[in-house]
Amino acid sequence: MAVRTDLALELAEGRRVQQRTQTLEGFSLHTVTVTESDTDFGRPPGRYATLSIRDLLRRETDAFPRACRAVAQILRQLAPSNQDPRAPVLVIGLGNRAVTPDAIGPLCCQNVLATRHLVEQSPEQFRAFRPVAVLAPGVLGELVLGVIDRIHPELILAVDALAARRLSRLMCTIQMTDTGIVPGSGVGNARTALTQTALGVPVLSIGVPTVVDGATLAADIAQQSGAQCEALDDLNTPVLVTTRDVDQQTADAARVIGYGINLFLHPSLDIADMELFLS
1 MAVRTDLALE LAEGRRVQQR TQTLEGFSLH TVTVTESDTD FGRPPGRYAT LSIRDLLRRE
61 TDAFPRACRA VAQILRQLAP SNQDPRAPVL VIGLGNRAVT PDAIGPLCCQ NVLATRHLVE
121 QSPEQFRAFR PVAVLAPGVL GELVLGVIDR IHPELILAVD ALAARRLSRL MCTIQMTDTG
181 IVPGSGVGNA RTALTQTALG VPVLSIGVPT VVDGATLAAD IAQQSGAQCE ALDDLNTPVL
241 VTTRDVDQQT ADAARVIGYG INLFLHPSLD IADMELFLS
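Numbered per the numbering used here, the sequence shown spans residues 1 to 279.
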């Protein structure tokens, strides 16, 4: 059976593809670079940065600000180097807020500073801010096209839920890439692709694995134990597995991403500033 995962880190296991592991703000960062020649990788060419934030789940001291700074630094590395730092940006939070494992995107939007209207109405008072619009369109990527035509952003940040292969990566992994994203793919409801090719605008995608495909998990367990797994025959209908504390963990991950985006787009701000603006 085909292994289901949205993480380049897992797809790269056992493959000859360019990989690098380093430490950023005390967290492990694994980067996979896919080139045009990596035709069997199954993902578009580009850079895939995977940040492990286990310290945050363990509530370690200063883990939250460190994770936010790490997200901001990675986004700076992935963003086009020739882009105007004052150019408009559109942040898209994909997913269904009524389904907790799929609510990463909408929850993230609640933690992103929407500044476009402020910059337009009071440019002198808000000249230090980059004009940012925030949209939570559910999983319908088609809605984004109308907004793009209206505000003409020069960069799009898309946040969505992903699927992992390993349970150990649920809720403690953030994947960021410069290849764009397919809305809803993490929970088996793929829609229109949000990519630079489709939209005409550079797209950075940010995702957190919130589920593991049941059939993939069962197959891995059976393979590792060397046993036959008759239960696999019962998994023709997709089954998704998530964590017991998914509500709190989803909210925590969305907050880290939202604050990280703010630090990336507004370098003059710090965590305390954001707490004040978002309160």
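Calculated from the structure, these hints are not laboratory results.
Note that the structure is a prediction, hence the values are computed from the model and not measured.
A virtual CB, placed ideally from N, CA and C, is assigned to each residue, including glycine.
A portion of the hints provided could be inaccurate.
[Claimed, not checked] Restraint-style ranges between C-beta atoms, simulated for each label pair:
no.	residue 1	residue 2	range
1	D245	G146	19 to 25 angstroms
2	D84	E275	27 to 33 angstroms
3	L167	A114	45 to 51 angstroms
4	V241	Q83	36 to 42 angstroms
5	D245	T39	37 to 43 angstroms
6	I221	E154	45 to 51 angstroms
7	G14	Q121	15 to 21 angstroms
8	R20	V99	32 to 38 angstroms
Verification of the supplied hints:
1. D245 to G146: 19 to 25 angstroms: For D245 and G146 the Cβ distance comes to about 37 angstroms; the hint is violated.
2. D84 to E275: 27 to 33 angstroms: Since the Cβ atoms of D84 and E275 sit about 28 angstroms apart, the hinted range of 27 to 33 angstroms holds.
3. L167 to A114: 45 to 51 angstroms: Given range 45 to 51 angstroms: violated, Cβ gap about 35 angstroms.
4. V241 to Q83: 36 to 42 angstroms: holds (39 angstroms)
5. D245 to T39: 37 to 43 angstroms: Between D245 and T39, where Cβ atoms are some 40 angstroms apart, the hint holds.
6. I221 to E154: 45 to 51 angstroms: Roughly 46 angstroms apart at Cβ, these two residues keep to the hinted range, so it holds.
7. G14 to Q121: 15 to 21 angstroms: violated (54 angstroms)
8. R20 to V99: 32 to 38 angstroms: Distance hint for R20, V99 holds at roughly 35 angstroms.
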